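Please build the complete structure, drawing on both the sequences and the hints.
As you go down the protein sequences, you meet chains A and B in turn.
The first sequence begins at 1 in this note's numbering and counts up by one.
The second sequence begins at 1001 in this note's numbering and counts up by one.
Read the hints as simulated data drawn from the structure, not as lab findings.
It should be emphasised that the depicted structure is a prediction, and the values quoted were computed from it without experimental measurement.
Be aware that a few hints might be false.
Straight-line distance between alpha carbons at most 30 Å, and here's what the computed DSBU-like set of lysine-lysine pairs gives [unchecked claim]:
1. Lys1119/B <-> Lys1188/B
2. Lys181/A <-> Lys1106/B
3. Lys184/A <-> Lys1190/B
4. Lys1188/B <-> Lys65/A
5. Lys177/A <-> Lys1188/B
6. Lys1106/B <-> Lys177/A
7. Lys1015/B <-> Lys181/A
8. Lys181/A <-> Lys1188/B
9. Lys67/A <-> Lys1188/B
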Amino acid sequence: MVQKNIMCPNCKSKITIEGNPREKVYITCPKCNTNGFFSFPGEEPLQKTTSNAIETRNLTKFYGKIKGIENLTFSVKKGEIFGFLGPNGAGKTTTIRTLLGYLNPTNGEAFILGKNINDNIVDIKREVGYIPGDLNLYGHLTGRRFLDYFASLRNTEMSLLGELLKVFNVPLDRKIKGYSKGMKQKIGIIQAFMDDPEIVIMDEPTSGLDPLLQQKFYDFLHDQKKKGKTLFFSSHVLSEVDKICDRIGIIRNGNLVALEDVETLKGKMGKMIKVKIKEKPETFIGPENMKIKDGWIEFVTNDDVDHWIKMLSKYTIIDLEINEFSLEDIFIHYYEGQT
Amino acid sequence: MNDVFRFKIAIQTMKNHWKTTIIITLLFMVIAVGYAGMFPAFEGSIAEMMDSDFYESFNFFPHADQMHTYVGFLTLELYSIFWLLIMAIMLGFIAASSISKEIEGKTIDLLMSNPVSRKQIVIEKFAGLIPMFLVANFGTMLAVIGITAALNESLDYGNLIMVHIVSIPYFLAVISLGLLLSVIIDEKMKSSIIMISILVGMFVLNSLSLMAPDYEFMGSFSFLHYFDTYTVLKFGEIDVGGIFVFIVFTFVCLVAAMIYFERRDIAIS
Chain A
1 MVQKNIMCPN CKSKITIEGN PREKVYITCP KCNTNGFFSF PGEEPLQKTT SNAIETRNLT
61 KFYGKIKGIE NLTFSVKKGE IFGFLGPNGA GKTTTIRTLL GYLNPTNGEA FILGKNINDN
121 IVDIKREVGY IPGDLNLYGH LTGRRFLDYF ASLRNTEMSL LGELLKVFNV PLDRKIKGYS
181 KGMKQKIGII QAFMDDPEIV IMDEPTSGLD PLLQQKFYDF LHDQKKKGKT LFFSSHVLSE
241 VDKICDRIGI IRNGNLVALE DVETLKGKMG KMIKVKIKEK PETFIGPENM KIKDGWIEFV
301 TNDDVDHWIK MLSKYTIIDL EINEFSLEDI FIHYYEGQT
Chain B
1001 MNDVFRFKIA IQTMKNHWKT TIIITLLFMV IAVGYAGMFP AFEGSIAEMM DSDFYESFNF
1061 FPHADQMHTY VGFLTLELYS IFWLLIMAIM LGFIAASSIS KEIEGKTIDL LMSNPVSRKQ
1121 IVIEKFAGLI PMFLVANFGT MLAVIGITAA LNESLDYGNL IMVHIVSIPY FLAVISLGLL
1181 LSVIIDEKMK SSIIMISILV GMFVLNSLSL MAPDYEFMGS FSFLHYFDTY TVLKFGEIDV
1241 GGIFVFIVFT FVCLVAAMIY FERRDIAIS
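Okay, here's the thing in structure tokens:
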């Protein structure tokens, strides 16, 4: 308990109040009956440290009046592969570039390994690797010189370099400007992982890799995950996210519209029923989400498959498909009505 | 924090420019030897010219009236145009594109994914450009000494060395101004062209202020107002205030560049 003498702002009479540090008390002046609040001063709340690898709270970035991202709140747990989904222009790159300190957030805050990105960005980068979406390298350097340069800037042991060079073979003695797109992407991967950072943030890292290399890359990511590393992965290719991610966030027009385990999300979405009937499709009255496309009736249902099959039994069925939702369908669901 | 003093970005900047350094140095050595070597052939005709009104047409350049002397000729032909203007343009051009080219070429994304602060990038880019002009500076000085000795002309070598020492703060000011532009303007060509315009503008301002007394005040906006190679070369007089101006200017530009770069968004287009 703390005692504090304050002055009534209205009649200037002295009032003595009691309260705990940081407590907000309601006061009525005994003389003039003016009401008001008083907040007791106290120590700053403890640094909101967190065991999450990445955490954002209402992270917002406007480019002038144009919205980049708005009120993004999500967290990425240590040791998981987090997929960040959205079509081009949804705000994936803005999110990543704000997280990594290239852009100053308009509002909100973000923590990487418990450190606030506003105060500790240089420290954070010791623990975080990054593959930019629009990867541009120093063309005048050879692959080897480029990696040497970056190793010297990190000033730590390049413990994964040997392994990476075996998996992602690049012509180290050739100048990077002579590299193909795939080679450039490979060296982008190598530089991000070579000092074995705790977190690697990747902006569409598989673009430019052929399917064989993509598979090698997924295997590599799985190995990293087994070692307890955290991977943040943005993509608009749903199949790969489906394949490798534990959890996904879906971003649309700068807002997070879903944040879920991949499996939970699929389960939640129910079944997709596609049916073709001999009668006019319009005569069938399905659930609200029903659509008619190329003569096919399409709708999504959660638990009452039985009900709809019984309803359909009154029609002559030409063809019928009942499918689990794929991530792709989920994605289309969240983007319905958008181009 | 020991990373700050490892100067790896500065060393890489130096390595990136080693060819340019050699080319600029050789170019200025050749120019110095070429112009100074012309003096004996022109000496007589210039002296005749000085008697007529013809030299007035050179008035745009400072100390044109001294053109018939070796020091005057050297100042006019070499130092006032090639050294203070063209060399400044070359260094300014390179400095003004140093960071803007990383932003425009998007390599800044990868550079900044390393544990380096933005302030560090500015300081190290600045430091990385210093060896280039130091090599060109003293290379040119040696060339002037060599050709002067070969021609057997009289020149105070102490004063010559002084010119090249005072050139250091002058070019530091030029580079720091270029660097400031390069953190503000994202397109390297745009920032370099603005830099060149400023330098040429300063040259014109200084010449105008010397020619027309009404415009004298304008000279103080020009770097050249604070560094007169002729008075150093001929009389060994050093404008200490001018050196101070260059040092303060360099410091202000660097701090401004660091603050601006630290706060700005690095957007990708």
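Results for each hint:
no. : hint                    : in the structure
1   : Lys1119/B <-> Lys1188/B : holds, 20 Å
2   : Lys181/A <-> Lys1106/B  : holds, 16 Å
3   : Lys184/A <-> Lys1190/B  : holds, 28 Å
4   : Lys1188/B <-> Lys65/A   : holds, 27 Å
5   : Lys177/A <-> Lys1188/B  : holds, 19 Å
6   : Lys1106/B <-> Lys177/A  : holds, 14 Å
7   : Lys1015/B <-> Lys181/A  : holds, 26 Å
8   : Lys181/A <-> Lys1188/B  : holds, 25 Å
9   : Lys67/A <-> Lys1188/B   : holds, 28 Å
Checked against the numbered hints given earlier, the structure satisfies every one of them.
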